[in-house]
Structure formats: C-alpha cells, structure tokens
Amino acid sequence: MSEQVTLIVPSHPKYLFVIRSAVYPIMVDAGLSRKEARKVVLAVDEACSNIIKYAYEGDHSKTIALKVSVDQGALTIELKDSGRKPDVEKITPRKLDDIRPGGLGTHFMAEVFDRIDYDTSSEAGTVLTLVKNTR
Amino acid sequence: MKVEIITETIDDGFLLRLKGDVDMNSSSDVRSALADVFKKGTSGMKAVLIDLSQVRYMDSSGIATLVEAMQNCMKKKARLRLFELSPPVRDVFEMARLSSVFEIYATRNDAVNGL
Chain F
1 MSEQVTLIVP SHPKYLFVIR SAVYPIMVDA GLSRKEARKV VLAVDEACSN
51 IIKYAYEGDH SKTIALKVSV DQGALTIELK DSGRKPDVEK ITPRKLDDIR
101 PGGLGTHFMA EVFDRIDYDT SSEAGTVLTL VKNTR
Chain S
1 MKVEIITETI DDGFLLRLKG DVDMNSSSDV RSALADVFKK GTSGMKAVLI
51 DLSQVRYMDS SGIATLVEAM QNCMKKKARL RLFELSPPVR DVFEMARLSS
101 VFEIYATRND AVNGL
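In order, the protein sequence lines correspond to chains F and S. The C-terminal position of the first sequence is numbered 135 in the numbering used here, with every residue numbered one higher than the one before it. The C-terminal position of the second sequence is numbered 115 in the numbering used here, with every residue numbered one higher than the one before it.
Don't take every hint at face value.
Stated by the list, open to error - Partial list, derived from the structure: chain S residues whose beta carbon lies under 8 Å from chain F:
{"id": "1", "residue": "1"}
{"id": "2", "residue": "21"}
{"id": "3", "residue": "24"}
{"id": "4", "residue": "92"}
Stated by the list, open to error - Each computed DSSO-like pair below joins lysine-lysine, with the alpha-carbon atoms no more than 30 Å apart:
{"id": "5", "chain 1": "S", "residue 1": "75", "chain 2": "S", "residue 2": "46"}
{"id": "6", "chain 1": "S", "residue 1": "2", "chain 2": "F", "residue 2": "35"}
{"id": "7", "chain 1": "S", "residue 1": "2", "chain 2": "F", "residue 2": "14"}
{"id": "8", "chain 1": "F", "residue 1": "35", "chain 2": "S", "residue 2": "19"}
{"id": "9", "chain 1": "F", "residue 1": "53", "chain 2": "S", "residue 2": "19"}
{"id": "10", "chain 1": "S", "residue 1": "2", "chain 2": "F", "residue 2": "62"}
{"id": "11", "chain 1": "F", "residue 1": "53", "chain 2": "S", "residue 2": "39"}
{"id": "12", "chain 1": "F", "residue 1": "53", "chain 2": "S", "residue 2": "2"}
{"id": "13", "chain 1": "F", "residue 1": "67", "chain 2": "S", "residue 2": "2"}
{"id": "14", "chain 1": "S", "residue 1": "39", "chain 2": "S", "residue 2": "77"}
{"id": "15", "chain 1": "F", "residue 1": "80", "chain 2": "S", "residue 2": "2"}
{"id": "16", "chain 1": "F", "residue 1": "14", "chain 2": "S", "residue 2": "39"}
{"id": "17", "chain 1": "S", "residue 1": "19", "chain 2": "F", "residue 2": "14"}
Said to hold, decoys possible - Covered stretches of chain S (chain F as the covering partner; in silico rule of three or more C-beta atoms under 8 Å from a C-beta of chain F):
{"id": "18", "segment": "59-73"}
{"id": "19", "segment": "83-91"}
I should point out that these hints are in silico values taken from the structure, not numbers from a laboratory. Positions of the beta carbon are idealized from the N, C-alpha and C atoms, including for glycine.
With these hints in hand, go ahead and build the complete structure from the sequences.
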C-alpha cells in the first residue's frame, strides 16, 4: 500500500531547507542508505530551485507543492508549480567536462532518478514527477 | 537556513570557515565573503583556504560559487584549497565530477603544506 506525504511551501529559497528536512527522513525510512538519501535530497532541492528560478522567475509569492509517495519498488516525488511552463525539449544535463558555474541541477536529477517526467498539460504550471526504483 | 562565514587572515592569504547550509538562499553570502577576500588580497596572496567541515548541505549554487572562486584565484595567481569536506559536500563534488578539479585536502595542515 502506498504511503504519501504532502507539503506546500512558499516559493522562497529560504524554505528549501524545509523540503530537504522533510524528504531526507522519508528516504532513510524507505530503506535508502544515508548517502543515497542525501543524493535524493540534493536532486529534489535542485528541482525546487529551478522552479523558483525559471517557472516563477524569482517571484517568492507563489507555492511549490511536494508529494512523496513510498511504494513497494519505487519512490515517487511530485513537484507542482503554477508558473511558466518549461520547454521540455530544451532541458538537457550539461557536459560535466565544461567546468563553469551553473547548470548542474538537471545533471543531478538525471543521475539520481530513473524516470523524470514534466507534465505541462494542465492549464497553469507543471507537475514534475521524479521516480527512483528501489529494487 | 543561513550560513556562518568566518574569514581569517593567515600567512599565505586567507582562510574561510563555512558553517551551515550553502544553498540558493545563502550562496550569495559566501560569494560576497569571497569577493571581499579577493578585494583585500594583495599581489603577494598565495592562497585562499576554505574549511568545509561544518557545511551541512551544499547545492549547485555552492559549487558554482567555488568554481568562480577558483577562477578568481587563477587570475590572481593564487591557489584555492578546500579541506575537510563534510560527507554532504563530498557527495555533491562526486556527483558533479569535480573532486579532481579542485585541490582538496584532508586537514588544514595538509592544505597549508607546500604553499
């Protein structure tokens, strides 16, 4: 049976630690090692940072809705925003041998999660679904 | 969450101690502290050392700040040396494949040696 945790935080970077603080113990409780859990937290945090930067373009008055589902065999994290929709075709992790500031967030997400899906079908905003297989 | 930054002058340049979370909310504070160091640093500055033992979390904005610091050190012909990386910092360096790009040392003494 699936267990779910939901959390809604303002789209201000000062609340990113709230999301990190919520996700980490759920990942450990679901059976990930501490190192794996830290990597999931990093990838989720980067996804939220991207929402603040690109979907909301720095507007701190909006919200990010987080839903974590723990199922047998998979951990699913959904992040819902009501901001500008991304051009999904253009989202690609940058080459790591290009040593420069920025652009690492999508690489971290791709490294940690087995499936990444951007659903832009709703009238406003995006639902980003991140899935990590656990067996 | 905030990051605490303590800057010390040492024989070879500057030492920054970071404590807390270096993320999208706080990395600008680290960038400002480093900018102050580069402003104060004379042509004789040999190195900027950064103690990362008390960093509880670092994201890509923290990494970007350190990459910029490395580039600024190169312009000043100084070394950027990082030491005592906490496990979360080590994780993000591994994931960004940056462990071999930066000069990373186990201890402060190791970081100071050979400057």
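Hint residue 24 of chain S vs chain F: min CB-CB distance below 8 Å? At about 4 Å, which falls below the 8 Å cut-off, the nearest Cβ of chain F leaves the hint on residue 24 of chain S intact, so it holds.
Regarding the pair residue 53 of chain F and residue 19 of chain S, is the alpha-carbon distance no greater than 30 Å? holds (25 Å)
Given a cut of 8 Å on the nearest C-beta pair, is the interface hint for residue 92 of chain S held or broken against chain F? holds (6 Å)
Holds or violated: residue 2 of chain S to residue 14 of chain F, with C-alpha atoms at most 30 Å apart: Between residue 2 of chain S and residue 14 of chain F the Cα gap is close to 8 Å, so the pair holds against 30 Å.
For the segment 83-91 of chain S, do at least 3 residues have a Cβ located nearer than 8 Å to some Cβ of chain F? Held - the segment 83-91 of chain S has 3 residues with a Cβ nearer than 8 Å to chain F, which meets the minimum of three.
Against the 30 Å threshold, does the CA-CA distance of residue 19 of chain S and residue 14 of chain F hold or violate the hint? holds (16 Å)
Hey, residue 75 of chain S versus residue 46 of chain S, does the alpha-carbon distance stay inside 30 Å? Holds - the C-alpha atoms of residue 46 of chain S and residue 75 of chain S are around 12 Å apart, at most 30 Å.
Quick one, are residue 80 of chain F and residue 2 of chain S close enough, alpha carbons at most 30 Å? It holds: about 26 Å lies between the C-alpha atoms, which stays within 30 Å.
Quick check: do three or more residues in the segment 59-73 of chain S have a beta carbon closer than 8 Å to a beta carbon of chain F? Held - the segment 59-73 of chain S has 8 residues with a Cβ nearer than 8 Å to chain F, which meets the minimum of three.
Check whether the Cα positions of residue 67 of chain F and residue 2 of chain S lie no farther apart than 30 Å. Judged against 30 Å, a Cα distance of about 26 Å means the pair holds.
For a C-alpha distance cap of 30 Å, please report whether residue 35 of chain F and residue 19 of chain S respect it. Between residue 35 of chain F and residue 19 of chain S the Cα gap is close to 20 Å, so the pair holds against 30 Å.
Restraint check, 8 Å cut-off on beta carbons, for residue 21 of chain S near chain F: For residue 21 of chain S, the interface hint holds, since the closest Cβ of chain F sits about 6 Å away, which is under 8 Å.
Violation of the numbered hints given earlier is absent; every hint is satisfied by the structure.
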